[in-house]
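Peer 1: The lines below spell out each chain.
There are 2 protein chains.
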Amino acid sequence: MTPPDRSESADSGQDARVARTRADVSRAALQVLTSEGADALTHAHVAEIAGYSKTTLYTHWPSRVELIMLALDAMGEFPHQEPTGDLRADLIGELRVFRQAVTDFRLDQILSVMAQWASVDDMAAIRDRINGDGQRPIRTMLSQVFEGPRLQAATSMISGVVACPTVMFGALPDDDVIEAAVDLVLKGAR
Amino acid sequence: MTPPDRSESADSGQDARVARTRADVSRAALQVLTSEGADALTHAHVAEIAGYSKTTLYTHWPSRVELIMLALDAMGEFPHQEPTGDLRADLIGELRVFRQAVTDFRLDQILSVMAQWASVDDMAAIRDRINGDGQRPIRTMLSQVFEGPRLQAATSMISGVVACPTVMFGALPDDDVIEAAVDLVLKGAR
Numbered sequence: 009m010t011p012p013d014r015s016e017s018a019d020s021g022q023d024a025r026v027a028r029t030r031a032d033v034s035r036a037a038l039q040v041l042t043s044e045g046a047d048a049l050t051h052a053h054v055a056e057i058a059g060y061s062k063t064t065l066y067t068h069w070p071s072r073v074e075l076i077m078l079a080l081d082a083m084g085e086f087p088h089q090e091p092t093g094d095l096r097a098d099l100i101g102e103l104r105v106f107r108q109a110v111t112d113f114r115l116d117q118i119l120s121v122m123a124q125w126a127s128v129d130d131m132a133a134i135r136d137r138i139n140g141d142g143q144r145p146i147r148t149m150l151s152q153v154f155e156g157p158r159l160q161a162a163t164s165m166i167s168g169v170v171a172c173p174t175v176m177f178g179a180l181p182d183d184d185v186i187e188a189a190v191d192l193v194l195k196g197a198r
Numbered sequence: 009m010t011p012p013d014r015s016e017s018a019d020s021g022q023d024a025r026v027a028r029t030r031a032d033v034s035r036a037a038l039q040v041l042t043s044e045g046a047d048a049l050t051h052a053h054v055a056e057i058a059g060y061s062k063t064t065l066y067t068h069w070p071s072r073v074e075l076i077m078l079a080l081d082a083m084g085e086f087p088h089q090e091p092t093g094d095l096r097a098d099l100i101g102e103l104r105v106f107r108q109a110v111t112d113f114r115l116d117q118i119l120s121v122m123a124q125w126a127s128v129d130d131m132a133a134i135r136d137r138i139n140g141d142g143q144r145p146i147r148t149m150l151s152q153v154f155e156g157p158r159l160q161a162a163t164s165m166i167s168g169v170v171a172c173p174t175v176m177f178g179a180l181p182d183d184d185v186i187e188a189a190v191d192l193v194l195k196g197a198r
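As you go down the protein sequences, you meet chains A and B in turn. Every letter in the first sequence is one number past the one before it in our numbering, and letter 149, counting from 1, is 157. Every letter in the second sequence is one number past the one before it in our numbering, and letter 70, counting from 1, is 78.
With the rest of the complex left out, here is chain A:
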């Protein structure tokens, strides 16, 4: 076996350091975004929270939108509920998980910062991926009973029961509103 040469070993040490820095800064940036809002997400403040120099942050992520995309990297998987096969119960369960995630992940802040920066192509791609993943289980469930424009309408409507009050009023729907929404849509499917 050939031992790795010195330069490769130095490189991989370097790579590991970069990866660690990236993970640290990413977590710190997400923490700032969800606890203090997008306006607090500056190079200086994230550097302070993460324990790195401002220079390090500017070197790796020169612009503010790169810092915001880095924060979104730390979000991890969107929580979903395990489907039981009962469409009504599964839709209600998924909307309850969505409602909880609004609080746990400060989705109002995440959604608004993604919308605000969507003119940057990379951010638009990240937004489509995050929101697409978030909405997929609802769409999949509804595709059992809808297709075409009705599927698209029902998906926006069911998502809107949680998303609209969140984004428009900073409020969350009660259980009886979630159930009423699911029943309305399923009645429309018959």
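Keep in mind the hints are simulated off the structure, nothing from the lab. Treat the hints with care, since some could be wrong.
[As the list claims (entries may be wrong)] DMTMM-like mimics (lysine to aspartate or glutamate), calculated; alpha carbons at most 25 Å apart, straight line:
| # | chain 1 | residue 1 | chain 2 | residue 2 |
| --- | --- | --- | --- | --- |
| 1 | A | K195 | B | E187 |
| 2 | A | K62 | A | E74 |
| 3 | A | K195 | B | E74 |
| 4 | A | K62 | A | D23 |
| 5 | A | K195 | B | D94 |
| 6 | A | K195 | B | E85 |
| 7 | B | K62 | B | D47 |
| 8 | B | K195 | A | D191 |
| 9 | B | K195 | A | D184 |
| 10 | B | K195 | B | E155 |
| 11 | B | K195 | A | D94 |
| 12 | A | K195 | B | D183 |
| 13 | A | K62 | A | E44 |
| 14 | B | K195 | A | D98 |
| 15 | B | K62 | B | E74 |
| 16 | B | K195 | B | D184 |
| 17 | B | K195 | A | D182 |
| 18 | A | K62 | B | E187 |
| 19 | A | K62 | A | D47 |
| 20 | A | K195 | B | E155 |
| 21 | A | K195 | B | D47 |
| 22 | B | K195 | A | D183 |
| 23 | B | K195 | A | E187 |
| 24 | A | K195 | A | D94 |
| 25 | A | K195 | B | D98 |
| 26 | B | K195 | A | D47 |
| 27 | B | K62 | A | D47 |
[As the list claims (entries may be wrong)] Short derived list, chain A residues pointing at chain B, Cβ under 10 Å:
| # | residue |
| --- | --- |
| 28 | G101 |
| 29 | S127 |
| 30 | F154 |
| 31 | P181 |
Where is the CB? At the ideal position from N, CA and C, for every residue including glycine.
With chain A held as given, fit chain B onto it using these hints.
Peer 2: Then chain B, alone, in the frame of chain A:
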């Protein structure tokens, strides 16, 4: 008749100047918000666009959130469509007007900047007023056939047909999706 004394007259000249400055800066701030996004809405940039000094802006609106609230002041009335009495046609018409307003007023940017700053009480109040006014005609129409949690669900769902794709994907629904949504909800009402 008593002529106005000198100090009163000076005051009202002063008031008129302040009102004019306010109107000019407010319009410039809204223009920056909708054409360049919330991040470009700084004292320096708005001062340049409005043709006032940075010092003037800092004197009247010391914080960034005040500048943002000032921009929202310039928005004016949200457009609505005149109801005809045909519930289905009126809901479809109102959603089309809403869809057009997303483009004309950059409602994606407006909604996201309001959500982002909602931890400031004054901004939360402004957001509730703007979004409440925006949603009222839909709610009023739906209250002909729904009440309680079903009315709340239907209002979020109908708003969500335009609001969800806008905020989540920067996309707008086609006419057939809007019509499918209205038909779904009205079928659920029977």
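Peer 1: Confirm or reject each hint.
Peer 2: These are the hints, each one checked on the structure:
1. A:K195 x B:E187: holds (17 Å)
2. A:K62 x A:E74: holds (14 Å)
3. A:K195 x B:E74: Measuring from Cα to Cα gives roughly 46 Å; hence the hint is violated.
4. A:K62 x A:D23: holds (20 Å)
5. A:K195 x B:D94: With a Cα-Cα distance of about 22 Å, the restraint between A:K195 and B:D94 holds, given a limit of 25 Å.
6. A:K195 x B:E85: violated (36 Å)
7. B:K62 x B:D47: The given pair, whose Cα atoms are some 17 Å apart, holds under the 25 Å limit.
8. B:K195 x A:D191: At roughly 11 Å apart (the allowed maximum being 25 Å), A:D191 and B:K195 satisfy the hint.
9. B:K195 x A:D184: With Cα atoms ~20 Å apart, B:K195 and A:D184 stay inside 25 Å; holds.
10. B:K195 x B:E155: holds (15 Å)
11. B:K195 x A:D94: holds (22 Å)
12. A:K195 x B:D183: holds (22 Å)
13. A:K62 x A:E44: holds (19 Å)
14. B:K195 x A:D98: holds (22 Å)
15. B:K62 x B:E74: holds (14 Å)
16. B:K195 x B:D184: Status holds; Cα separation ~16 Å.
17. B:K195 x A:D182: holds (23 Å)
18. A:K62 x B:E187: violated (52 Å)
19. A:K62 x A:D47: Judged against 25 Å, a Cα distance of about 17 Å means the pair holds.
20. A:K195 x B:E155: holds (17 Å)
21. A:K195 x B:D47: Violated, because 44 Å separates the two Cα atoms, which is more than 25 Å.
22. B:K195 x A:D183: The given pair, whose Cα atoms are some 22 Å apart, holds under the 25 Å limit.
23. B:K195 x A:E187: holds (17 Å)
24. A:K195 x A:D94: holds (15 Å)
25. A:K195 x B:D98: Given that 25 Å is the threshold and the Cα spacing comes to 22 Å, the pair holds.
26. B:K195 x A:D47: violated (44 Å)
27. B:K62 x A:D47: holds (20 Å)
28. G101: With a closest approach of 16 Å, the A:G101 hint is violated.
29. S127: Where the cut-off is 10 Å and the nearest Cβ of chain B is about 7 Å from A:S127, the hint holds.
30. F154: It holds, given that the least Cβ distance between A:F154 and chain B is near 9 Å, below 10 Å.
31. P181: holds (7 Å)
This entry does not satisfy hints 3, 6, 18, 21, 26 and 28, going by the numbered hints stated previously.
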